Amino acid sequence: MWRPQEARLMGEKRKRKLNIEELPEDEELIKRIKEGDERAFELLMRKYKRRVYLIALQSTKSHEDAEDITQEVFIRVFKSIPSWEPRASFSTWLYKVTSHLCVDYHRSRVRQRVESVDDEEAAVPEPRAEDLASHPDRVAEEREIRRLIDEVIQKNLSGRQRDAFILYYYGGLQVKEVAEVLGVAEGTVKMHLFRAVSKIREALKPLKERGEI
Amino acid sequence: MNCNDIAPLLIAYVHNDLSDEEREAVESHLKNCPECSRTLEETIWTVELLERKVEADMESVEPLLGDLEVKVYRRLAAEWVREARRRWIDRLWFLRRPWAWAAYAAAALAFGVYIGSHHLAPERPADQPALAAKADECIRMRLRMYADEEAFRKLESAHVIKYVRGDEWKAWGVYNQVIRENPGTVAAMIASEEISTAEYKP
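Protein sequence lines correspond, in order, to chains A and B. In this text, residue positions in the first sequence follow the numbering used here: the first is 150, and each later residue adds one. In this text, residue positions in the second sequence follow the numbering used here: the first is 1082, and each later residue adds one.
So here's chain B without its partners, still in its complex pose (with noise of 0.2 angstroms):
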């Protein structure tokens, strides 16, 4: 080894921190070297005032750091509570997808919808003069067909779909129906006025 290998190894060997085979070969140098015995020379006494400079930066930086304990507790104590928090809203995860809310949207309707139509009797349409009208005459009509059991179970039929599950229109449907299929009875109420021509033509 010349002098440039040697210089760099000269660090780590006043601090002997050198493999056996580079102290070695530092020493056989240094034997037959004047110039880098004097470079080690100089290195050891920067070596010595350096390790002198970082012992008493670690000796002045003790004061500012006395509570450095307790404000590490501090913070990981506020971490535990932030990640605590924050484990809680993860649990409600499903809340933060958009496609959930309008699944949760649709099953909502979906509900209300089956509630509505199965289990809430809408009142009486009071706003539809026309279809009320229609329901009496309806009501009057069965009275007079009382003896006819097929078209008296049709209206009892129409008269539930109506008034206990709200379909208006299906009603209607089954009301048209009976009078189609009884049309001597409607005539004979149209005779004597008890239902309109117009609106029941057979």
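Next up, chain A with everything else stripped away, as it sits in the complex (with noise of 0.2 angstroms):
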């Protein structure tokens, strides 16, 4: 039976893992680089450039497009910032960006008449190959849960799924926050989100039935 202080438990992991560097808190960095201190950006990068490049690698489905995108977020901050009034969160405003600059791109690749683009996947990175030989029935159990999981995520969730599920769990955004950027409801976000992982768990049923997971 689930036990209610298993929730609190995992939202408090959840919170430590946006930050797993243990970098600065976003207020204090914004504010040392309005003072013009350039390692604050550097640091507001590393905590940030992974979210992001994810985000924009699950919508363009290619590591060059993804890295140009997570390049183009951080100028357009860099830029920002010195009249960046606190309204929200750093992270809604910096998803919204990246938000943004993802239906550019598709815009951009609809213009260019560029085809086969959903029959691409996300390449997200296998693991490396030091993992792969300490453990490898375990790295090649997770690799594909990934593959099923990320298969999942481009074929089964409509786009309002994805964007929602991507946000909520790449971005490390709280379910208003997800609402904020989208431009929707809490109480839509939370449908989205919970019909995503459940085509997501529907799918690893079998593996899970097979005793695999």
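Be careful, since some hints might not be right.
Rough simulated footprint, nothing fancy, chain A against chain B, three-plus residues with beta-carbon under 8 angstroms [said to hold, decoys possible]:
no., stretch
1, 1086-1097
2, 1117-1128
3, 1133-1139
4, 1161-1170
5, 1192-1198
Quick list of the computed label-pair ranges, beta carbon to beta carbon [stated by the list, open to error]:
no., chain 1, residue 1, chain 2, residue 2, range
6, B, TRP1169, A, LYS183, 22 to 32 angstroms
7, A, GLY308, B, GLU1164, 33 to 43 angstroms
8, B, TYR1185, A, GLY308, 48 to 58 angstroms
9, B, TYR1185, A, LYS180, 49 to 59 angstroms
10, A, ARG225, B, TRP1169, 16 to 26 angstroms
11, B, GLU1132, A, GLN303, 14 to 24 angstroms
12, A, ASP253, B, GLU1140, 22 to 32 angstroms
13, A, GLU176, B, TRP1180, 44 to 54 angstroms
14, B, ARG1177, A, GLU177, 14 to 24 angstroms
15, A, GLU176, B, GLU1140, 25 to 35 angstroms
16, B, TYR1185, A, ALA334, 22 to 32 angstroms
17, A, GLU234, B, TRP1180, 36 to 46 angstroms
Calculated directly from the structure, the hints in this document are not laboratory data. Please read these numbers as outputs of a predicted model, since none were measured by experiment. Glycine included, every Cβ here is placed at the ideal spot set by N, Cα and C.
Using the hints, put the two chains back together into the complex; each one sits in its own frame.
See the structure below:
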């Protein structure tokens, strides 16, 4: 039976994961950047670059384009920070910028009439060779799970479900913040997340039933 | 709340991302609903797998983004250079307005005309022999009329107009006026064949 306190524990765990390297809080970094501390901007990039990149990668399905968007996001952030006022959290604003750039990317792709975009898959790199050598079975299992989840994200989720899912899990935003980025109600975000996770759960069920998870 | 109301809240519940009121409603429902409790358990292991995947993805992309900060700074530097150039060009905004070019051309023309008419004495027009001859005749006429102070002054004025200001037509008007006003002198000059009767009829 589910114990209520476990939810609170998972919430705490999630918050810790957002700040893996124990970098300073966003407000402090922004204050330092406004004061001309370029080192603070580097820390800000280090803190968010992987999340921004992974969000862009899910949208563009190309490493080069995702990296390009990530660079552009930080360039815009750097230019805008002097006049930025914290009406919402920094991460919400950051992902809004990312989201807009991804939309622009798709518009430009449509203009260029590049075909076969939907056939490509987001190419998140495989685990490193040393991991594979130390835990070959676990890494192979993880790889299969990751592949399955990627497949569901790309093929089975609707656009809005995917956006909500990516911002929530890869962006590390709260439901309220995802709603703000997407411009929808919090209830809608909760429903998108539930449906997205349900679809992933259904895809993983066979592995669980075979005892592979 | 029934099961359909609770289901969408489960993900946020697992992540402790609900309001106190919502969380209490979910927990109250879960106590009495084995079906939703089972869904919750399945959601938990799915979410754990998702968290592991996100973490693994984050670690995997780290090597790809090792020099991202450097690339961002390079692009920023390139943009700063471009912006500096653009700002410099923006200072010359007046060169990009068509009406401004027309105004500059008009001003330059007016200035050229002013300089040309006031400061540059044209050379005696060698390509206009008739006028040149008339000018010589007027000088001779002036010598003949040296006793007539008024006529002398007018001819001197015409001389200045022609040679200093370069206005041939205005000078010619003054010469004719002198001729009209001094019919006796002109007649004497015609009689002595100093000037042509065809051109100087009083």
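Each hint, compared with the structure:
{"no.": "1", "hint": "1086-1097", "in the structure": "holds (count 10)"}
{"no.": "2", "hint": "1117-1128", "in the structure": "holds (count 9)"}
{"no.": "3", "hint": "1133-1139", "in the structure": "holds (count 7)"}
{"no.": "4", "hint": "1161-1170", "in the structure": "violated (count 0)"}
{"no.": "5", "hint": "1192-1198", "in the structure": "violated (count 0)"}
{"no.": "6", "hint": "TRP1169(B) / LYS183(A): 22 to 32 angstroms", "in the structure": "holds, 27 angstroms"}
{"no.": "7", "hint": "GLY308(A) / GLU1164(B): 33 to 43 angstroms", "in the structure": "holds, 36 angstroms"}
{"no.": "8", "hint": "TYR1185(B) / GLY308(A): 48 to 58 angstroms", "in the structure": "holds, 56 angstroms"}
{"no.": "9", "hint": "TYR1185(B) / LYS180(A): 49 to 59 angstroms", "in the structure": "holds, 50 angstroms"}
{"no.": "10", "hint": "ARG225(A) / TRP1169(B): 16 to 26 angstroms", "in the structure": "holds, 24 angstroms"}
{"no.": "11", "hint": "GLU1132(B) / GLN303(A): 14 to 24 angstroms", "in the structure": "holds, 19 angstroms"}
{"no.": "12", "hint": "ASP253(A) / GLU1140(B): 22 to 32 angstroms", "in the structure": "holds, 29 angstroms"}
{"no.": "13", "hint": "GLU176(A) / TRP1180(B): 44 to 54 angstroms", "in the structure": "holds, 51 angstroms"}
{"no.": "14", "hint": "ARG1177(B) / GLU177(A): 14 to 24 angstroms", "in the structure": "violated, 45 angstroms"}
{"no.": "15", "hint": "GLU176(A) / GLU1140(B): 25 to 35 angstroms", "in the structure": "holds, 27 angstroms"}
{"no.": "16", "hint": "TYR1185(B) / ALA334(A): 22 to 32 angstroms", "in the structure": "violated, 60 angstroms"}
{"no.": "17", "hint": "GLU234(A) / TRP1180(B): 36 to 46 angstroms", "in the structure": "holds, 41 angstroms"}
Of the numbered hints stated above, those contradicted by the structure are hints 4, 5, 14 and 16, listed in ascending order.
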